[in-house]
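**Q** Here is how the chains run, residue by residue.
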Amino acid sequence: MSIPERCLVSLAIVYMLTTSALSALGESRLDLYISVYILEYFVITLLHSPLNPRTQRVLNVFGYGLFAVFMIIVALKVLEILLGLRLL
Amino acid sequence: MKDKTSYTLLGSGLTFAGAMLSYSSHFILRSTPLTALGISTLILGVVSLALGRSQPKISPEATAILLESSLENVSAIIEELGLKSKAVYLPSSMTSGQPQALIPLHLNPNPPNPKTPLPKRLVVKYGPNPEDLGLLITTPGSTVMSMLGSKPGSSPADIESALSSVVTGTMDLADSVKVTVSGERIVVEVSNPRLEQRDIWVYKCLGSPLASIVASATAEALGEPVIIDNEWYEKGKSIIELKVLRQEL
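Protein sequences, first through last, are from chains A and B.
What the first sequence shows, in the numbering used here, is residues 2 to 89, in sequence order.
What the second sequence shows, in the numbering used here, is residues 22 to 270, in sequence order.
The set of hints was computed from the structure by calculation and includes no laboratory data.
Ideal placement from N, C-alpha and C gives every residue a C-beta, glycine not left out.
Incorrect hints may appear among the rest.
Okay, the calculated bits of chain B under chain A, using three or more residues with CB under 8 Å as the criterion [claimed, not checked]:
1) 51 to 57
2) 68 to 75
3) 155 to 166
Partner residues are not named here, just some residues of chain A that face chain B (Cβ under 8 Å, in silico) [claimed, not checked]:
4) 24
5) 65
6) 84
Given these sequences and hints, build the entire structure.
**A** Printed below as a string of structure tokens:
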């Protein structure tokens with residue numbers, strides 16, 4: 002199995018396990034699922050680097066987007082704590 | 022390319038299915054696990070589309086034919102001239118442009134170590150003596166430097182990083198690369214190399230294509246000539262032993 006194939010299969014397995022485990026635990030916060038997916042994305046792509054430069058460029062751009070989403074989730078959580086409101 | 026199309030089709034399918042599943046689960050079914058499943062499918066789709074870009078434009082079989090034919094030609098020249106000396110891999114600062122390999126025409130106990138940059142010719146004079154003549158040839162490793170973008174640093178970690186980037190990332194020729202430096206000896210361990218070893222004349226002079234890539238990249242990183250001292254295969258690893266020819270001041 003080549004490195005790109007291994008990367009894709011690892012990511013699919015990790016996402017499947019995460020979704021099953023969190024739903025089995027009765028978790029209903031979507032932001033938690035998304036945060037865990039984003040962290041797993043960074044770990045798996047880092048473990049399989051270096052990839053082909055063209056692939057790496059696309060994955061880096063996608064990673065910036067995911068990181069922005071992660072930061073928004075964190076910022077909203079901090080605001081929730083500070084203001085005592087339910088935002089997510 | 023079949024593989025590229027497969028990745029693109031898989032990526033498009035997963036992205037579309039993921040978007041539809043997350044949208045319908047969130048707004049119609051109001052199910053968080055299903056929405057999360059849709060989002061994870063969407064991420065997998067994008068990753069699959071990105072991986073499709075890594076597939077080569079020409080098939081590996083066509084590339085192998087081109088490599089084989091060029092190596093056969095170089096082998097024929099070297100065999101015809103009866104050259105038995107080991108090639109010296111020179112960095113680009115010692116040639117006219119890209120890293121190249123110098124094969125001395127005469128057997129000499131001291132490997133050539135040119136003091137001035139060599140001209141861009143096939144037969145070059147590298148020293149003051151009449152017998153200091155050699156063949157300056159382009160090897161598979163010569164073109165590798167253009168794939169690196171910038172010149173790698175000279176520390177073992179920098180060399181390892183540059184080799185990993187080329188051998189495992191860009192070219193997908195092996196699973197990992199490990200570099201150990203002790204004095205003038207550099208040992209490079211390449212795990213699960215995908216280029217097969219053959220017993221042809223040119224390999225005795227230049228080393229295998231994998232060793233040639235490793236030697237060229239190392240010579241360029243150090244800015245000093247390098248020879249492939251030894252090369253062997255054990256337990257799924259190709260071990261390449263290089264010797265650095267330090268410049269005398």
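**Q** The structure should be examined with respect to each hint, and the outcome stated for every one.
**A** Okay, the hints, checked on the actual structure:
1. Beta-carbon proximity to chain A at under 8 Å applies to 4 residues in the region 51 to 57 of chain B; the threshold of 3 is reached and the given coverage holds.
2. Chain A is given as covering the region 68 to 75 of chain B, and this holds because 7 residues of the stretch bring a CB closer than 8 Å to a CB of that chain, at least three being needed.
3. Given as covered by chain A, the region 155 to 166 of chain B fails the check, having 0 residues with a CB less than 8 Å from a CB of that chain where 3 are the minimum.
4. The criterion of a C-beta within 8 Å of any C-beta in chain B is met by residue 24(A), whose closest approach is roughly 4 Å, and the hint holds.
5. The interface hint given for residue 65(A) is broken, as the beta carbon of that residue sits about 13 Å from the closest beta carbon of chain B, more than 8 Å.
6. Given hint, residue 84(A) at the interface with chain B, is violated; its Cβ is 24 Å from that chain's nearest Cβ, farther than 8 Å.
Of the numbered hints listed earlier, those contradicted by the structure are 3, 5, 6.
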